[in-house]
Structure formats: C-alpha cells, structure tokens
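Participant: With the hints as constraints, model all of the structure from the sequences given.
Single-letter residue listing:
There are 2 protein chains.
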Amino acid sequence: MNFKLLTASALAIVLGASVTVADSHADKAIMEAIKARQGQMQLYSHNLGVLGAMAKGDVAYDSAAAKAAADNLAVVSGLNAMTMWPQGSDSSSVEGTRAKAEIWSNFPDVGAKAGALNAAAVAMAGAAGTDLDALRAAMGPLGGACSACHKAYRSR
Amino acid sequence: MNFKLLTASALAIVLGASVTVADSHADKAIMEAIKARQGQMQLYSHNLGVLGAMAKGDVAYDSAAAKAAADNLAVVSGLNAMTMWPQGSDSSSVEGTRAKAEIWSNFPDVGAKAGALNAAAVAMAGAAGTDLDALRAAMGPLGGACSACHKAYRSR
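If you're matching them up, the sequences are chains A and B in order. Quick note on numbering: my numbering labels position 4 of the first sequence as 4, and the sequence is numbered without any gaps. Numbering-wise, my numbering comes out as the position in the second sequence, counting from 1, plus 1000.
Keep in mind that the hints are not guaranteed to be accurate.
To be verified - Sample of chain A residues at the chain B side, in silico, Cβ under 10 angstroms:
#1 Gln-40
#2 Ser-45
#3 Ala-65
#4 Gly-78
#5 Ala-81
#6 Met-84
#7 Gly-88
#8 Lys-100
Unchecked claim - Listed next, with one range per pair, are the computed distances between beta-carbon atoms:
#9 Gly-88(A) with Asp-1062(B): 17 to 27 angstroms
#10 Asp-1027(B) with Lys-56(A): 18 to 28 angstroms
#11 Arg-1154(B) with Ala-64(A): 27 to 37 angstroms
#12 His-150(A) with Ala-1148(B): 34 to 44 angstroms
#13 Gln-1087(B) with Asn-106(A): 20 to 30 angstroms
If you're looking for bench data, these hints aren't it; they were derived computationally from the structure. Glycine included, each C-beta is placed from N, C-alpha and C at the ideal position.
Facilitator: What follows is the structure, encoded as structure tokens:
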C-alpha cells in the first residue's frame, strides 16, 4: 500500500471538507434551498424507481403501489418551487449543486420544462393503476421530461 | 501544526468513508429509501422556514409566498410514504438515519402522528394566506406535530 499517496489523498479530503464548510457558511439560505430542491429530486427518483422496477419486470406489477408512486410524482412535480431556486445557487457560484447558471437566464423555458414534467406525471397518475401496459406507455414521456431538463440545465 | 495528528484524523476519515460505502452497498434500496424520506424532511424544513421567518418578523409577511409554502407543506405531508420506510432502515440497522426501531413496532401511532401533521399543514394552508395573525396561530399546532413525532421516534 502506498501510504504517501494515501496520506496525500486524505489531506486533500480534509482540505476539501474545510472549503465546503466555508462555502456553506457564506450563505446558509442558499445551501438550504439547494438541499430542499435536491430533496424534491430524491422524491422523484424514489417514486420513479418504484414504477421503473415494475416496468422492467424486476418487481411484480401492483396496481395500488403503482398508483401511489405515480400520485406522489404528480404532487411533488406540482410543488411551488419558487423559493428553492434563489439567484446565486448555481454550480458556478457554489459547490454542491449541478444546476447550471443558464437556468436563471431561461426562466420561461425552465418553467415550460417543469410544466411538461408535471403533465407527464399527472398522465402517469392516470395510467399507472390501470395495468402494466398503461404504466409502461406512460414511462417514456415521463423519463423524457426528466432528461429534457437535465440535458439543458444540469452539468455533467 | 501537528501533522501526525492531522494524518491520523485524515486516515480515520478515509477509513470511515470506506465503511459507509460498504454499508450502502449492503442494501442500496434501503439507503435510497432513507434518502427519499430525508428529502421529504428537507421540503418540510424549507417551507416551514419560509413561514417561520414571517412569523418571527425576520421577513415581511407576503400572503402569496406564505400560501405557496403552506400549500407545499400540505401536499408533501400527504405523500404516500409506504415505500420510504422499509423494514431494516432504522438507526440500529444502518448508518445515516436517526429513525428509531420503535417506528416499526408502533405503526398505528406513527400513522396517527403523520395524520396529525397533515391535518396541521392543511390548517396552515387554509390560514397562511389570510394574514400574519392567522399564520402565527397555525404555527404552534404545526410545530407541535413535527416535534411529537421527532420526540417519540427520532434519536438525538
């Protein structure tokens, strides 16, 4: 084992951690807003995971569970997100986010993409409880709405 | 600066990180469910923060912003949380959560406390847009519903 290398990496981690703490102290409200929107994304991811596992056949189709996950997506995508995207919370201003600065110069397009996600989630909520075919048919537009926004506004 | 001490701490961080990664590989689905419910908590915290700042007078009362935050709380507290609390996701089974094992042996009470939170959030949604006095009056029951569950089921 190369202890010299390990020590160097470990030091880099310690120094990196200090930088992050300093940044978060710089604007607590901004870091907190970022955490909130990332919380929203976790709820998307979790409920999409439930539907995706059924769509792929990894988990048996369960009408009630599918409907519950889809209803969750419909309401979470309908949240008022105004306070979660403050100016200065982009990836070029702070660490801990992949949100591109372009979001704040393209609000009409961002709003349209958010509306498209909500529409696709509402359509899924209407389909998921019917049967597996209906669930699968609604997955494409829903996944497409997620990635449309990620491609345009999330850095890699 | 004591480099010997710093190196020891740094190594501890590296080793600690490895342990956490190993744990999360042990059951990815459980760690993901924990992240999702913590996401829900972040959304509570964020929107409560908006209302709390107005209640305390740190931020000027804004009827539309107050109503938006309260509506968010009402829908987020109404999510179907079934898949976010799998068996084995308590603080004695995995790291990264403060959820006590008692949750899984007291589901009727946990459900009642979750219902009380949703009722308090719906009441806030009906009050927050009216005026600052109505918002303030709804804060007590809402904060009380949060802490009732935390006191019983979240480790310190």
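Participant: Next, verify each hint and record whether it holds.
Facilitator: Cross-check of the supplied hints:
1. Gln-40: holds (6 angstroms)
2. Ser-45: holds (7 angstroms)
3. Ala-65: Where the cut-off is 10 angstroms and the nearest Cβ of chain B is about 7 angstroms from Ala-65(A), the hint holds.
4. Gly-78: holds (7 angstroms)
5. Ala-81: holds (9 angstroms)
6. Met-84: holds (7 angstroms)
7. Gly-88: violated (16 angstroms)
8. Lys-100: Given a least distance of 21 angstroms, the restraint on Lys-100(A) is violated.
9. Gly-88(A) with Asp-1062(B): 17 to 27 angstroms: With Cβ atoms ~20 angstroms apart, the hint holds.
10. Asp-1027(B) with Lys-56(A): 18 to 28 angstroms: holds (19 angstroms)
11. Arg-1154(B) with Ala-64(A): 27 to 37 angstroms: holds (29 angstroms)
12. His-150(A) with Ala-1148(B): 34 to 44 angstroms: holds (38 angstroms)
13. Gln-1087(B) with Asn-106(A): 20 to 30 angstroms: violated (44 angstroms)
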